[in-house]
Structure formats: structure tokens, C-alpha cells
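One-letter residues, chain by chain:
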Amino acid sequence: MSHAGEQISAYLDGELARAEIDQLQAHLATCGKCAGELQEMQVVRSAVRSLPLLELPPGLIPEADAEVVPLRRNKGFLVGAAAAVVALVIAIAAIVTPSTPSVALEELNSRYGARASLDPAFGPAKVVVPDLGDILE
Amino acid sequence: MESVPLTWEEVARVYGRKIYNFAYRLTGNSDDAADLVQEVLLRVRKGLASYQPGSFEGWLWRITRNAFLDEVRRRNRRPTAPLPDEVDRWELASSPSADAEYSRISIGDDVQKALLELPYEFREAVVLCDIVGLSYEEIARAVAVPVGTVRSRIHRGRKLLRESLI
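Protein sequence lines, in the order shown, are assigned to chains S and D.
Mapping the first sequence onto the working numbering, position 13 (from 1) lands on 13, and the numbers just tick up by one.
Just so we're on the same page, the working numbering is the position in the second sequence counted from 1, plus 1000.
Heads up, a few of these hints could be off.
Said to hold, decoys possible - One-sided excerpt, in silico: chain S residues whose CB lies under 10 angstroms from chain D:
| # | residue |
| --- | --- |
| 1 | 21 |
| 2 | 47 |
| 3 | 52 |
As the list claims (entries may be wrong) - A few chain D residues that don't get close to chain S, going by computed Cβ distances all over 10 angstroms:
| # | residue |
| --- | --- |
| 4 | 1012 |
| 5 | 1021 |
| 6 | 1048 |
| 7 | 1052 |
| 8 | 1055 |
| 9 | 1063 |
| 10 | 1075 |
| 11 | 1156 |
Claimed, not checked - Computed from the model, here is a short list of chain S residues facing chain D with C-beta under 7 angstroms:
| # | residue |
| --- | --- |
| 12 | 10 |
| 13 | 16 |
| 14 | 28 |
| 15 | 33 |
| 16 | 40 |
| 17 | 44 |
| 18 | 54 |
| 19 | 57 |
Quick caveat, the hints were computed from the structure, so don't treat them as lab data.
Backbone N, C-alpha and C fix where the C-beta goes; we use that ideal spot for every residue, glycine too.
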């Protein structure tokens, strides 16, 4: 396939069909340009999603003051949640094995907690938590 | 099956904050955002009587978008000061942790500034996707364009943001 282009954003937002995901992932495995663009788009997406969700000014809608309703995030939010987990793992890995990545990208990552996740289906549920008994042994 | 708010009060309670954040991220101004919330809820109040069950999100965001664009056109017709592009601090003044809150918001200043520099169609698509949390299909209904156009606008918007932020 030619370069992925706007499929990258649709992928991050969970808007691709399974067949398109498979095709894109196969392409990403062989195309450094698109893999890099995916990572940068994930940083940008996470930066926007990291903007604080502002409360309504008090008294603007009296009907709304009694109840705080969280903003809904679409299914792409799971990608963000997965990215947060990945970012944490990467942060720990970076402490153990320092590297010299892109400064601008790293700065944004540290500021917004953003990091690309190559698989939108990846979620916190896939994080393996060791059994307490294993740790104590 | 989509749950449809039946009363204006429920719409205000469930969607008021979403509408406020949509408007704030499009304008960067809290007063303008507050004005838009009130205008949208007024239109919802009038429109609910004739609302036909279907995509409530699409209906609501179409109203919100049209109200926003009407307000932009109205302002463009009269000679006033342009919209300020800095974070307005008034909403923080009454908070006991105002400094902490301002610090939290100022982290996003560069992102907000980059958003405001986007062409309107791209900014709108990115905000509806990443701030409001609508699907591409819902955005397409709200903006009345094909889903492919939504996909293109979101990606092009993010590419422009990348040039500003990275």
C-alpha cells in the first residue's frame, strides 16, 4: 500500500475496520515513515485530549450545578488509557536504560503523558499483574 | 438504543459542560463559551418539542455548531475587539486552589494556542473528536459532511498541530 496518511488518525481513534487495521499494521511494520507519523499523531492527539476539562462557571446553568457529569470519551479513549500505561512502562524503562530519543517528542511525552500505542485494541486489561504469591516466593 | 434526554433541564445537566468545553476550545474565551452555552440551550428548548427520535448527539451538535457559527457571523458584522487568545482567568478567581488550577491550565496554553491557529473546519473536527468525544459518524451528522471528510479534516488538523507542537 502507499503511505497510510489519514488512516493513521482513524486507526488511533478506533475508526478502522478489522481488515483495515490488519492491512495498516502490516504496512507499519515495514514503513518507518508511517510508523514515525503514527507516533507523532499519537502525541498530538494525547496533547489535545490532555487539555483540562473545564467546569461550567457557577450559576451559568442552575440545573447543571447539582450534578457533575463526566465528559464521555469515545472508544478511542481506550487508546489513550493504553498509551498512559505504555508511557508508564516506557518511563520506567527509560530510568533503567537511558537513551537519546527525539528531544521535542520526549518533552511532549513528559508533559502530556502521551505515547504511541501500536495496537488500539491494547488496553489496561492486557497488563499482567503478577500474583502476590509469585512475588513473595 | 440511544437514550434521549426528554427535558431541557436534562439536556442542560448532561450536555451543558460538553457544550461549554466545545465553545471554549474553539474560541479560547470563557465569556464567549458561556454565551454560547446559553444560546444553544435556548435553541434546544425551542427545538425539543419538534425533535424526532434519531441521533440525539447529531441533532444537539448540529444546533451547537450552527449557534456558534451564527455568533461568529454576528460578531464579524460589527466592529468589536477580536477574541482574546489568552486564557481568561476569571473562572479561577473564586477557587481556593487557583494557583494550582492555573498551573494546570497553563500547561495546555500552547496546545490551546495551536488549536486557535487551525482553519475552522479542522479545529471543529479535532475538538468534536478529542474534546467532546464524538465518533466520526456523529461528527459527520453534526457537521453535515461525509465521514470521509471528517476523517480527512481530523488528520489534517492534527498534522498542522504537529507542526506547531513538535
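Hint check, failures only: 1, 4, 5, 11, 13, 14, 15
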